Amino acid sequence: MKLTLKALTKSIWVFHAACSPCNNCDIEILDLLTPRYDVERFGIVLASSIRHADALLVTGFPNYKTAKKIKYLYEQMPKPGVVIAIGTCACGGNFFRDSYSFVKPLDEIIPVNAYIPGCPPKPEAMIMGVVKLIKALKAKNK
Amino acid sequence: MGEFQVEDKKKQTIIPIGPYHPLQEEAEYFKLYVEGEKVTKLDIELGYQHRGIEKLCETRHFDQVVFLVERICGICSCSHPFAHVNAVEDLCGVDVPIRAKYIRCIIAELERLHSHLLWLGLAGHFLGYNTVWMWAWKYREPVLDICEFITGNRNHYAMFKIGGVRQDIDNNDIPQINKMCDDLIPALDMFKGAVMDDPVIHARTKGVGILTKQEAIDYCVVGPTARASGVDIDVRRDDPCAAYPLVDWKVIVTPNGDVFDKVVVRVLEMYESVKIIKGCLEGLKKEPKGEIDAKVKSFPPGEGIGHYEAPRGEVFHYVLSDGANRPARYKVRAPSYMNIPSNQVACTRGTISDAAITLAAVDPCYCCTERSAVLDEKTNKKIFGWEDLLRLSQEKTERIKKRIPLNPPFVPTEPTSVKGEY
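As they're listed, the protein sequences go chains A and B. For what it's worth, the numbering used here labels the leading residue of the first sequence as 1, then goes sequentially. For what it's worth, the numbering used here labels the leading residue of the second sequence as 1, then goes sequentially.
Hints are supplied without guarantee of correctness; some may be wrong.
Stated by the list, open to error - Just some of the chain B residues that point at chain A, by a computed CB distance under 8 Å:
hint	residue
1	Glu26
2	Ile75
3	Trp137
4	Gln344
5	Thr348
6	Ala373
For the record, the hints were derived by calculation from the structure and aren't laboratory data. Given the structure is predicted, the values throughout are model-derived calculations rather than measurements. Even for Gly, the Cβ is constructed at its ideal location relative to N, Cα and C.
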């Protein structure tokens, strides 16, 4: 069992990067940290820099201005780390895939570990996605 | 913002905020030009969230556009469809059933409640006062519960439809919604008491980021930003739509124009929102169960405008139809487009430590506001400048005019040359 992977499954610090969302997924992510859902009890904290984070939460689809930036952010993330695509836009582009500012799907730019669809996904769905991701990481680590 | 796009040759300290800054939930980039502690100039770089929605609207039919404009912004996800249906109903000339009017107002005011609570929380977060953030967002949850109860979703309600609403509110549910609204009042009282008497909030917001009444008029700011500066404007009252003339409420205006007044306006507006919701529920009770949809069948050629008071100010939609089932041109002007430039005066009077809260005080929403420009990568010059865009839009108007005859025919006046800032 690799120690770094084992450590990754405990108290994930997240960094939230908005590609070009409508803000709703971002609001729901922040909602997770506030008293009703309170994911801080699992040790999930919003990190202020990507260099301190274990997980990169991406919302929205990559457009011409953010596609390079999101790749740059991913390269700065300490490895091993996970990327979670939150919302239908990040998962597949929603109906913005026909837009002139759509570059390519997120998972063709950076590797994505978990997809949480929904417009916006409910906070419960996000918690479930993270739980499933941790289970998958643990199974891989055995 | 044009004059700030020219870089100064002389040495100056620039403090960047963004594009991915821990305080901001959206990607945007501010350059603060500072001399010591004082902010002397401000430059804003946008475009990180540009999605080309106006162009996409031309590829969808009218019923789909409602869902598309809903996704312009997640926080005002009811104001944009509201302005859109106003615009299209202006185009078609349909009259909305009274029940649909009440339901529209209820959803719109619920959205205002959750948006103001969200802003209050984020303002606390920006001040480094996370207790306010947690409290405000805790009491935002019951509002979202009401939204979920009525529409089935916490955000992106998909309630609006051209000519009416998609879902009815069952009259048996009204007592429960009423009770849920009553439960919000103690929380609002707590905010009014605790936040308004809090010494920390007073110290950080009183006299900070002042926008005087004259400046507010000069910069054409809208919504709570204007009302906090003593400009008495509100689209809901000035150009009444839906059920707003049928219920009793008032517009909140405060004179000082600092960040504290912006807090006050928003907190007091929440009481008015609850009042409007309760008034609308009373109205729904009186109205018999029945029509919620005017059943619009076709869209005539012509143009329509619609506006509505979003939580951030006036949102304006323009639709041009050529008689097909999709808009020939769609135009959106979000309130933040007017409010963000006012930071140039509000921000440059203060210090760096006040910059974050002053920038946030207009409740900016960048994903509503995004515009794009095309640059030549080698020379870093704009390919389409102001004159080019003006010429292109005039040419397009000419083309559309040929396709759609105006009635009565429009007599063109002498074209005046507009010298742009760019």
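Comparing the hints with the structure gives:
Hint status for Glu26(B): holds, given a least beta-carbon distance of 5 Å to chain A, under 8 Å. Proximity of Ile75(B) to chain A holds as hinted, the smallest CB-CB distance being about 6 Å (cut-off 8 Å). Restraint check, Trp137(B) versus chain A: the minimum CB separation of about 4 Å is within 8 Å; hint holds. Annotation: Gln344(B) was flagged as interfacial toward chain A, and the flag is violated, the nearest CB pair being 23 Å apart, outside 8 Å.
Residue-level restraint check for Thr348(B) is violated (minimum Cβ-Cβ distance to chain A is 26 Å; threshold 8 Å). Of the supplied interface hints, the one on Ala373(B) is violated, with its beta-carbon coming no nearer than about 11 Å to a beta-carbon of chain A, more than 8 Å.
The structure is inconsistent with the numbered hints 4, 5 and 6, although it conforms to all the rest.
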